[in-house]
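Colleague: So you can see what is in the structure, the chains are spelled out below.
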Amino acid sequence: MKVSRRTFLSIGSFIVGGAAGTALSPLPWKLTDDLSIWTQNWPWTPMPERGEVSYVNSVCTLCPGGCGISVRKVNDRAVKIEGMKGHPVNDGGICILGLSGLQLLYGPTRIKTPLKRVGEKGQGKFKKISWDEALKEVAEKLGTLRSEGKSHTVACVSGSACGTVPQLLKRLLTVYGSPNFMSVPTMQDAYAVTLKLMHGVDACPGFDVENADFILSFGSGIIEGWGSTVRMFKANSAWQDKKIKVVQIESRMSNTAAKAAKWIPARPGSEGVLALGIAYMMLRDGLYKKEVCDSAAGFEDFRKTVSENYAPENIAAATGIEKETIESLAKEFAGAASPLAICGRGQGHTPGSQYEFMAVHALNALAGNINKAGGVFTVPDPKYIAWAEPELDETAQKGMSSPRIDGAGSETYPHAKSLLNRLPPAILSAQGECPVQALLISEANPCYTLSDTQTVKKAFAKIPFVVSFSSYMDETAQYADIILPNHAYLERLEDAPAYAAGLSKPVIGLSKPVVTPQFDTKHTGDAVIALAKALGDKVAAAFPWESYAACLEETLGDKWKSLNEKCFAVVEESIEAPLQFFKQECKPVFAEGDEKQYPFVLMPYDSIRLANGFIGNTPFLTKTVPDTVLRKNDIFVEINPKSAGGDSLSLREGSAVMLTTPKGSAKVRVHLSEEIMPGVIAIPRGLGHTAYDKYLAGKGINCNELIGPAEDSGSGFDAVWGIRAKLSSVSI
Amino acid sequence: MSKPVDHKKEVLGDGSGGFAILFFLLGLVASLIVGWVVYPKLLYSQKNQPVDFNHALHIDLVDEGCESCHFFREDGTYSGVPKLAQCIGCHEEVQGETKDEAIFVEQYVKQGREVPWLIYAKQPDCVFFSHVAHVKAGGMDCVTCHGHIGESASLKVYEENRITGYSRDIWGKNISGLKTNTWDRMKMDDCSECHEEKGVNATSVQTGKGACFVCHK
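So the protein sequences, as listed, match chains A and B.
First residue of the first sequence: 15, per our numbering; consecutive thereafter.
First residue of the second sequence: 203, per our numbering; consecutive thereafter.
Honestly, the hints are just simulated from the structure, not real lab data.
One or more of the hints may lead you astray.
[What the hints assert, rightly or not] Reference excerpt, derived from the structure (chain A facing chain B, CB under 7 angstroms, subset only):
| hint | residue |
| --- | --- |
| 1 | R20 |
| 2 | S27 |
| 3 | G32 |
| 4 | L41 |
| 5 | M61 |
[Stated by the list, open to error] Computed list of lysine to any residue pairs in SDA-like fashion (alpha-carbon distance at most 20 angstroms, straight line):
| hint | chain 1 | residue 1 | chain 2 | residue 2 |
| --- | --- | --- | --- | --- |
| 6 | A | K44 | B | T409 |
| 7 | B | K249 | B | H293 |
| 8 | B | K324 | A | I51 |
| 9 | B | K375 | A | W43 |
| 10 | A | K472 | A | G446 |
| 11 | B | K389 | A | L45 |
| 12 | B | K389 | A | Q54 |
| 13 | B | K324 | A | G446 |
| 14 | B | K324 | A | T59 |
| 15 | A | K94 | B | T409 |
| 16 | B | K324 | B | C417 |
| 17 | B | K243 | A | L49 |
| 18 | B | K324 | A | N55 |
| 19 | B | K285 | A | K99 |
| 20 | B | K243 | B | C393 |
| 21 | B | K358 | B | F221 |
| 22 | A | K44 | B | C393 |
| 23 | A | K44 | B | N376 |
| 24 | A | K16 | B | F221 |
| 25 | A | K99 | B | D277 |
| 26 | B | K285 | A | K94 |
| 27 | A | K87 | B | D277 |
[As the list claims (entries may be wrong)] Computed Cβ-Cβ distance ranges for the label pairs, DEER-style:
| hint | chain 1 | residue 1 | chain 2 | residue 2 | range |
| --- | --- | --- | --- | --- | --- |
| 28 | A | Q54 | B | V334 | 23 to 33 angstroms |
| 29 | A | P531 | B | G352 | 40 to 50 angstroms |
| 30 | B | F415 | A | P531 | 31 to 41 angstroms |
| 31 | A | E66 | B | K389 | 21 to 31 angstroms |
| 32 | A | A400 | B | C328 | 46 to 56 angstroms |
| 33 | A | K141 | B | H293 | 41 to 51 angstroms |
| 34 | A | Q54 | B | L224 | 23 to 33 angstroms |
| 35 | B | G278 | A | K573 | 27 to 37 angstroms |
The structure displayed is predicted, hence computed values, not measured ones.
Just so you know, even glycine gets a beta-carbon here, dropped at the ideal spot from N, CA and C.
Isolated chain A (complex conformation) (with noise of 0.2 angstroms):
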């Protein structure tokens, strides 16, 4: 079409007039403003909500630290942890996890409604179930196992045996006739056994961290995680301020060895050995106290093992250290006035060999510095959970009079009170019959935590029937037949004892509910208990509380009142430890493998980054991980460039390899430092989840897969730190 002058000229004027009017009304301005502002009100950008601000105390359980948390809230949502001022343990501190706890109460990997397995094992396809539903499911489960007089083989695994909660599953594991409960070992029961053999109490390790003036850690990650999170990163920049020496021996230079005084790259394995190597200067030049050791049980038989056993020229073969360095170390620790040997590798969250334990706990005896200020203390059970004995029936006797099936308390491993590591062998040994025919397993996730991961998947999906308590879809979850989701930590009323809080007096915690349940959740304590009532006559007058909280209640007597308003409550009470020198014969736990065929050391580390028990990472940690442990999906491990250039190797920073040791392979990528000793690898710890979310799963390799149990002979505990493995080339 042809456009005539006039026509184009009279659009234009159109044109420009409308833009002059358009200019002269407040509509562009006001567009502008209007568009603005709606930018920011997108539904993807989080807002906080408006409301009532308020503040509730409570006990983070993330980790058996016993902070105490005050949370913000406003309205009915919490918005922000915080630590608790004046709390004895962390004093207004909180650590990176309880920080993000948020995220485990509000993220997605939440179990929602109880839940009925649909799929195979392991598969993690579940149904919906209503609770009543699920209860009877497992009441008639248990009633029919004990009608068939097999009560001896239900089991329980608990993540902790301290509390209301692990002993209200404890009692109902009694009443109905089974010995089997097992709680998830810790650096805790391996310092308890230290103690009952060497003062003959029965007791907790507490560590005067706050006035120690010495400190030699062997291999504890003191800002790693280990202990009390925040106490120990309190005391750690104390002792920097008051330039206390922190000697620490490790391998790998952790946070703790880059921030200590001293480094001493020793052996992996070699560390009982070392603090033996530095008795046995102590004991030859008399820099220990005579007025405490020499009136000891068994004291010259122990200077008698060591002098013979332990001269400076075999530990330094042994170590890899030099003597002298050995004999300064022994000088600068007898010659502290309140110096303190510690234990427990990395977070403390598996126990070590009875060896090494025994050992550095036997420096601490030497230096006299037992049950004083700035030493360890033998921390007594609180004792406040006193219920009456249960009655128990004659199917009830039957079973508690059979064997336990993990051998602890047995002649074999008189010391462990319960030897989980011991389960997955026993359940795939047996012949015929599986020798548990039903699990209950509370707060733990042995299908990622225990050493060898792949035998314990095998031995759960052995177990014909499965009832897991977890509040996350966690690795064990996902082989139940049956999910009581538990109400999540923030939203659940629970006694919360401070067993690794590591103070001199025993700590008792309250959490309180922060915020009511978001789901369809009930508390492990209130099921327990509809467990038992339904299980009927004795089993159920065992249990003769309406509710949880009121068995809780009941539990704390006259302490509840203040428990509910401060929640905390250090019992004063303390206990005699007579000092005892061990006379069994420990042995130190060596590292699985031939050297021939791996000629590294296999270690896995902690970082206080990576969350790595039952309760897994938060996506607000995992965001904290550096790009030289995890990128994208890749995992690194740590070699030092010496080890990385041998062979047709010829290893640089990120090459990706292949990680062989005798329990498995993985592909994994490289970081090249010299933070670590030549001939080992480090592996993080907390990585290669296959449950939970798409924030946590399929993130690098659970070292556990590559790593197998190793049976401690003292104790019986998986004392295991390391294993043989090899590098080889793969394509990427």
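Following the hints, complete the assembly by docking chain B onto the known chain A.
Modeller: Chain B in isolation, oriented as in the chain A frame:
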């Protein structure tokens, strides 16, 4: 020789100039109407409050003026629009005979449902405004910003900006942005106008620093 003259005639004498001016004016007027009249009409939707609250009636019954219901919490935070809990004291049963009273008691009080009041003064989420700093520390009254709503017998229609979702009261009734009273607008310029006039140079309570982050958090 007449051809050039014809050309000139064509340019000037065919009425093109007149048309150009006419269309210019048409465009001008049309866009002015769109900008000043049509746009504001399209921009705002009209909403009635769920319950027509009578401020005038209540202000006579309470002792402490506005703060009787719009109070400061113990920690200094401002409670804003009252929650049901504050009304229940008197309104557990229907008081008087108005239709709105019946709605309020039947639909909200008896069912324990909070009234979804539409808030005329609601600012975007990341605007940090402290009532206590202005009212308690600055000694300002409510009327300066909120006008005489406390004396009204009926709640006005809530005009919601379809783009931003906020009330028309923030930009002001006048689409040009001009105002006669201090309470006519609640944009940032209106804050700074008063701050400049009073010479207030506030700093952030949290950081102790001035400038943007005092209010934009």
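Colleague: Can the suggested window of 23 to 33 angstroms be confirmed for the beta-carbon pair Q54 (chain A) and L224 (chain B)?
Modeller: Cβ of Q54 (chain A) to Cβ of L224 (chain B): about 43 angstroms, so the range 23 to 33 angstroms is violated.
Colleague: Regarding the pair K16 (chain A) and F221 (chain B), is the alpha-carbon distance no greater than 20 angstroms?
Modeller: holds (19 angstroms)
Colleague: Taking only the CA atoms, is the gap from K324 (chain B) to I51 (chain A) under or equal to 20 angstroms?
Modeller: holds (13 angstroms)
Colleague: Are the Cα atoms of K324 (chain B) and G446 (chain A) separated by 20 angstroms or less?
Modeller: Not OK: K324 (chain B) and G446 (chain A) at ~71 angstroms, beyond 20 angstroms, violated.
Colleague: Would you check whether L41 (chain A) satisfies its interface hint, that is, whether its CB is within less than 7 angstroms of any CB in chain B?
Modeller: holds (4 angstroms)
Colleague: K375 (chain B) and W43 (chain A) were given as a pair; does the straight-line alpha-carbon distance stay at or below 20 angstroms?
Modeller: holds (15 angstroms)
Colleague: Is it true that the CA of K87 (chain A) sits at most 20 angstroms from the CA of D277 (chain B)?
Modeller: Holds - the C-alpha atoms of D277 (chain B) and K87 (chain A) are around 14 angstroms apart, at most 20 angstroms.
Colleague: Quick one, are K324 (chain B) and C417 (chain B) close enough, alpha carbons at most 20 angstroms?
Modeller: Satisfied, since the Cα-Cα distance of roughly 14 angstroms is no more than 20 angstroms.
Colleague: Is the hinted pair K243 (chain B) and C393 (chain B) satisfied, with a Cα-Cα distance of at most 20 angstroms?
Modeller: violated (27 angstroms)
Colleague: How does the Cβ-Cβ distance of G278 (chain B) and K573 (chain A) compare with 27 to 37 angstroms: does it lie in that range?
Modeller: Distance hint for G278 (chain B), K573 (chain A) holds at roughly 35 angstroms.
Colleague: Checking one constraint from the list: CA of K44 (chain A) to CA of C393 (chain B), max 20 angstroms. Satisfied?
Modeller: holds (18 angstroms)
Colleague: Take a quick look at whether K389 (chain B) and L45 (chain A) sit within 20 angstroms of each other, Cα to Cα.
Modeller: holds (15 angstroms)
The earlier numbered hints that this structure contradicts are 6, 7, 13, 19, 20, 21, 26, 34.
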